[in-house]
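Could you slot chain B onto chain A? The hints should help.
Keeping their order, the protein sequence lines are chains A and B.
With our numbering as the guide, the letters of the first sequence map in order to residues 1 to 171.
With our numbering as the guide, the letters of the second sequence map in order to residues 1001 to 1587.
These aren't lab readings, by the way, just hints derived from the structure by calculation.
Among the clues, some could well be false.
[To be verified] Restricting the straight-line Cα-Cα distance to at most 20 Å, the calculated cross-link-like pairs of lysine to aspartate or glutamate (DMTMM-like) are:
1) B/Lys1186 <-> A/Glu93
2) B/Lys1186 <-> A/Asp18
3) B/Lys1181 <-> A/Glu20
4) B/Lys1375 <-> B/Glu1523
5) A/Lys70 <-> B/Asp1319
6) B/Lys1181 <-> B/Asp1319
7) B/Lys1181 <-> A/Asp18
[Claimed, not checked] Far from chain B, by Cβ distances over 12 Å, these chain A residues were calculated:
8) Gly33
9) Ile38
10) Glu45
11) Glu67
12) Gln68
13) His127
14) Leu156
Note that this is a predicted model, so its numbers are computed, not measured.
Even glycine gets a Cβ: it sits at the ideal position worked out from N, Cα and C.
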Amino acid sequence: MTAREQQQERRIFAVVVDNEPGVLARVIGLFSGRGYNIESLTVAEIDPTGHLSRITIVTSGTLMVLEQIKAQLGRLVPVHRVSDLSNEGPHVERELVLVKVAGGGARRIEALRIADIFRARAVDSTHRSFVFEVTGSTEKIDAFIDLMRPLGLTDLARTGVVAIARGAEGM
Amino acid sequence: MTVRTMTGAEMIVKALVDQGVEAVFGYPGGAVLPIYDEIFKQNRLRHYLVRQEGGAVHAAEGYARSTGKVGVVLVTSGPGATNAVTGLTDALMDSVPVVCLTGQVPTHLIGNDAFQEADTTGITRPCTKHNYLIRSPDDVASTIHEAFYVARSGRPGPVVVDIPKDVQFAAGAYKPPEEVKHRSYKPRTRPEPQAVEEAVALIETAKRPVVYIGGGVTNSGPAACRALRRLVQETGFPCTQTLMGLGAFPASHPQSIGMLGMHGLYEANLAMHGADLILAVGARFDDRVTGLLSGFAPDAKKVHIDIDPSSINKNVIVDVPVVADAGKAVDAIRRRWSARGGRTDHRAVEKWWRQIAKWRKRDCLKYEQDETVIKPQYALERLQAKIAGRDDVFVTTEVGQHQMWAAQFLRFEKPNHWMTSGGLGTMGYGLPAAIGVQVAHPDALVIDVAGEASILMNIQELSTASQYRLPVKLFILNNQWMGMVRQWQELLHGERYSESYTDSLPDFVRLAEAFGWTGLRAERPDEMDGLIDAMIAADGPVIADVQVAQMENCFPMIPSGKAHNEMILGGMDDAEAEIDAEGMVLV
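For reference, chain B alone in the conformation it holds in the complex:
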């Protein structure tokens, strides 16, 4: 092997290219100038200049989640790195593979409170899967290769590589990527046969089973989604999805019972509550999903497939832990189950489906649309009607009511088409994420379902989309309130709407035009279809400002501190919404 000597900055760019990276989202600054100089000299890597570093990480997340590849970020030291922290935390919570390269002050200045110095590895230690500070040019290539391996393997996550400026200038030996055999980090991907056996035995005898799937299935890849679909189809079990798991199992499949959790469907939550077997796949029993822990699925045996051993028994004690890759585990369980005769308790499961059908009949998402004011649900229902049947539609969201309505009313048939900030709940995620998705899928229809409050959190990224002619569509459900905050204040704080009115909003149509976008507005229900058609037909980016009913609440809802069977359905059901002091404390 010939070893060519290069500068650190050259090696960084080469390592990225050798890792198959095509797009980098970033923002230059003093401590990364040598890297930007190398980017200038080549044409393999495309760099997308965001307008704030936080946007770079969300864009990389959108890119990663819509492709299954690692998203890459490049930012400078100090404020560049600290602005990236929210995105890194978001990627950690939602298990998104991201490699974030940060510049650092020269090695001899580290610790001296130098200009634009921050303790980046210290600050990002709790919000990354792992981080590195490179001290020698000879470590540049191997560290970057290792960072990609750590980011994408096991439970994916963000990895920071902090690179002092002197290391970027110094010469060192480049090492090409090879299969990383890490000394200590060896994620387990194959399930224990004993655990598989126990899971199969429970499947054979279950009377009221529910397959509960999460983002881990999508992360495991298309093969895992196919394996899961096969298992669900062959067993005939109902399948519910978390917010992160939407699309991992087709929404239109007759065995899909929809999203569960705080704003999940009535049938999904009651099925979880009444189940005698929960087969959890790549889902982590998050508090938005379980509601009151002591009242969660009280009669169910629980099988938990997760690649991260620390997810097991974290919130809910399970009966059969299966530490493995979701796809491999599901496949092993289906094969073993099939080999043992492919038995289920047909009769009981049929009876269970009849019960679920009764719950479905409650039609928990129903709302009333009059002729004057657009209901947010109606806006999304019309959007769904217009995009149904297309498989080139990707949806991102911001965070709040609009996000939950989007999860309820839009239907995802395939994985990697739905990008939302689930764990961290980051307002401002959707626009930069949509930019990242559009970069990865230039010809696709990429829609950010937004609220008027969230969208303002990273509104500067309008400029990024303009610069790269990315035709993203912002579908703003504009109710002039931080809707979810307002809803909680209504239900929990005596209708004292403290600071939740979004006053002094911009005119979104003129704002769009100021950035070279198209601006559209709808104020009446009969304008909805025309607005959506015009938005989809536009070649360039669009802000669609949909003026919706201001005081609409998002239901169903499991109030804080309540169990699945205590959900409120809205409208006449409000009487049940008494939340005790313990519940008030929960977020």
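Okay, chain A solo, but in the shape it has when bound:
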């Protein structure tokens, strides 16, 4: 195998599925059963009348494994389409995080200042805390969290990546 074939690559798969009971278990079971990684996974209904959901999975593996993942997803009966977003042209990816920072004095002011730099929104505030909302790439969110940690980060929730192809074409 060449070096490229053995190298681990990160990929984002978008999977459009029938929104029916058990469909997420099928997808997750496929990953765990075959030993594939899941770095993040998001799912929500995108078409209530057509009962379609879109699952976005960030995974990594060798080229051979990534090709397998796509083929294995594609052969699940309720799967309509599988798109390898990171491989099929340019795409946009975003993640959202809610970060809770507690404390007072200088740390509180510093937290607000950094939030401003990151264009974070304060979606909840008390005298002792803020909840910030940040949207962006995974790297940006990692950076924001790292900066908030010493300033009193007490809790956080992130969505995992959602992504879509650039340009006019739909999936």
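Relative to chain A, chain B alone:
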């Protein structure tokens, strides 16, 4: 269209009848009583009562594999469904179309740990092609019709339909079967013209080609087998078969070079190793076939025809993937090749055949038969001699040495006549599978080539054959060991035979008689022919207990972690059987 209202249970039976189902293998229980009540009231469906649900699925597999139709299973909730899991996994691995209906506790009790409740759809999700839980009586008919479509189309496989008891009682509207247009499931069957073109170009220039075929050809149907035969004949290429592919190409055809793989023929494995073109049709480059992956067919361009895109590049990177039905793809390739002039590199291929003939001369299956102890190979050779020329003989097997010897020594000229658990390797498969085959072919000679250990795994099914007067023949190669386990312990674990001796065996002749079967035994080579004649002549079911050499090993063998060209031939060849630590880990 008039819509008649029926109960769920009525609709289930009607849907099965409308799907053309004639035989159902099952076992009743609380959660399927309404369905059994409907079965009682009609005479279109014949129900075969097995003795354990695992037997029902294997029987349905035998039925399906010997007919090309979908096999049908009906079992109750909880233990009924969990007992079916091994058979479902077996059907998934070997791509056998099976629809398994399972009862479920009433909808309002689901999740409450009710009596005989199991999360059947959860448990069977990874071991089925697809599964359903029906929540409304209005979905009963359409779900069952869809289940049959999913089971038999594309790469066939098992489908579970879980039906809560309240849904079986409730009234709903029946929908007759119509052509299923599934929203998302649309298997691709026609090959890409570009892929066909590339395959043809490789055929035209190949110097050392091998056509490597598997169970997908049989699954595709008789037309695919004919198309394949035509392509092989017209190109003049050699053709090797996997364990699952035996019979898809006639064994007696001069271009057949036999089975390949771990216990395949010397000539087949060396041909694969030396090939410059491998045309894989409906075969999946399984680890039993490839041996050491890095040493597999190092110089070959590989064309891979498979209806399942996930089979492509799974184990072996191929040069030309052709995602299509085997029959359609082979036919398209032959037509295109013919239209482009039907060229091959004759001279090189002739030279290749001369090389293959040299390998054949090694006579890798040779063994020594003395006058005192029956060699298992001899028993099968005599069986083959007695059934040769008959086309109404179906063979099933259990799993182990006897299975590999059967694959080596019995010869299959037609598809659908050989039923063995290939992918999962399920001991206990052969007897219930033989029952399913005999149900589908009441007048045929159905033989389960068995080992004494495997046969005990589903021995209760003797009773099923008795009940339905199914004249199946058990041909037990009785060496009093789990032979393949013992062989591996000899070769890999310093002859420490841990727990592989099958102690306290029953007297199989008396066991047969206890179930109303005929029991026969042979202990000396000169008793073999008489035993086989008596077995075949018997009107009813027979256990033939053949006492064979206990320490015989199955060769040739590619040891774990070795490549095709490192196979051992047995006897004096044992010195080569050094297996490194990496190989030891492999099964």
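Separation of A/Leu156 from chain B, once the least beta-carbon distance is taken, above 12 Å: At roughly 31 Å from the nearest Cβ of chain B, A/Leu156 sits farther out than 12 Å, so the non-interface label holds.
Assertion that A/His127 lies farther than 12 Å from chain B (Cβ): holds (44 Å)
20 Å limit on alpha-carbon distance, applied to hinted pair B/Lys1181 and A/Glu20: Status holds; Cα separation ~18 Å.
Least C-beta distance between A/Gly33 and chain B, which was stated to exceed 12 Å: violated (5 Å)
12 Å cut-off, C-beta based - A/Gln68 kept clear of every residue in chain B: Not fine: 6 Å to the nearest Cβ puts A/Gln68 too close to chain B.
Beyond 12 Å from every chain B Cβ - status for A/Glu45: Per Cβ check, A/Glu45 is outside 12 Å of chain B; nearest 15 Å; holds.
Proposed proximity, A/Asp18 with B/Lys1181 (alpha carbon, max 20 Å): Holds, at roughly 15 Å.
Distance restraint between B/Lys1186 and A/Asp18, which requires alpha-carbon spacing of 20 Å or less: holds (14 Å)
A/Glu67 non-interfacial with respect to chain B [C-beta, more than 12 Å]: violated (6 Å)
Pair hint A/Lys70 and B/Asp1319, alpha-carbon separation not exceeding 20 Å: The given pair, whose Cα atoms are some 19 Å apart, holds under the 20 Å limit.
Agreement of B/Lys1186 and A/Glu93 with the hint, judged by alpha carbon distance not exceeding 20 Å: violated (30 Å)
Hint consistency between B/Lys1375 and B/Glu1523 [alpha-carbon to alpha-carbon, up to 20 Å]: holds (10 Å)
The structure shown violates the earlier hints numbered 1, 6, 8, 11 and 12.
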